[in-house]
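2 protein chains.
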Amino acid sequence: MEKIPILKINDCLLVSIQVDLYDQLAIDLQNDLLIKVKETKAKGVLIDISGLTIVDSFMGHILYQITKVTRLMDATTVVVGMQPAVAITLVELGMDLAGIHTALNVDKGFQWLRQHLSGVGS
Amino acid sequence: MEKIPILKINDCLLVSIQVDLYDQLAIDLQNDLLIKVKETKAKGVLIDISGLTIVDSFMGHILYQITKVTRLMDATTVVVGMQPAVAITLVELGMDLAGIHTALNVDKGFQWLRQHLSGVGS
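Going line by line, the protein sequences match chains A and B. The opening residue of the first sequence carries number 0 in numbering that gives the first Met the number 0; numbering runs sequentially from there. The opening residue of the second sequence carries number 0 in numbering that gives the first Met the number 0; numbering runs sequentially from there.
Heads up, some of the hints might be wrong.
Pairs involving identical chains hold if they fit within one copy or between any two copies, as the list cannot separate such chains.
[Unchecked claim] Okay, derived cross-link-like pairs now, DSSO-like style, lysine-lysine, Cα gap no bigger than 30 Å in a straight line:
id	residue 1	residue 2
1	K35	K2
2	K7	K37
3	K37	K67
Note that these hints are calculated values from the structure, not bench results. Model, not experiment: these values are computed from the prediction.
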């Protein structure tokens with residue numbers, strides 16, 4: 000696989016990460032995502048990691064970094080679908096993903112984004 | 000990777016296929032999808048293949064089969080995000096995916112499903 004697809008749904012973008020992000024793939028994803036945020040004027044980004052059963056500190060760092068850079072592009076990122084074992088691993092690695100909003104699944108992530116964005120807009 | 004995530008968005012399911020479906024993965028996806036359709040009472044299924052740059056006749060057959068079985072479970076499947084090269088390959092393979100609705104991207108797929116499902120419901 001060369002690229003992780005970024006799917007536009009209404010005014011949000013959805014990324015479903017199903018493979019380990021090695022260096023180049025992570026850099027490409029971040030670049031593609033920022034270009035897509037600019038192109039589509041997306042206000043929200045959902046990153047689904049329900050397909051991942053294992054994460055390492057690199058992956059945690061990438062999630063953190065993507066959230067920060069999309070924030071600078073005026074988009075809010077929500078990480079959704081985290082498996083229980085992944086949550087445990089991240090905390091054991093000392094990464095509590097502070098400042099990153101999480102939701103149980105895509106549906107709940109969308110709900111939160113809608114509320115959050117309507118709150119920001121008002 | 001063990002499984003392809005199936006994401007619920009409103010009353011639809013979204014599957015983003017990013018890897019070649021070898022035999023067992025394809026069977027698992029089909030089973031998981033049918034279970035999820037039953038669980039969530041989803042009326043629409045979107046299969047995004049924008050991450051695929053190559054398809055073979057097996058993949059074409061799987062897409063066809065998934066569409067047919069979800070139809071029996073009262074859900075409508077739309078294949079979205081097909082790359083131009085993939086469309087050419089499928090036709091060259093003699094698979095025009097007759098009976099499968101396609102859309103350019105997820106957004107347009109959702110639009111079509113909404114119109115189609117409201118038409119069916121009325």
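* Intra- versus inter-subunit Cα pairing at 30 Å for K7 with K37 -> This pair counts as both: shortest intra-copy Cα distance 12 Å, inter-copy 26 Å.
Worksheet item: Between the shortest in-copy and the shortest cross-copy C-alpha distance, which are at most 30 Å for K35 and K2: within, between, both, or neither?
Response: Both ways: K35 and K2 sit 13 Å apart in one copy and 27 Å across, limit 30 Å.
Discussion item. If the cut is 30 Å between Cα atoms, do K37 and K67 qualify within a copy, between copies, both or neither?
Written reply: within (15 Å within a copy, 38 Å between copies)
Checked against the numbered hints given earlier, the structure satisfies every one of them.
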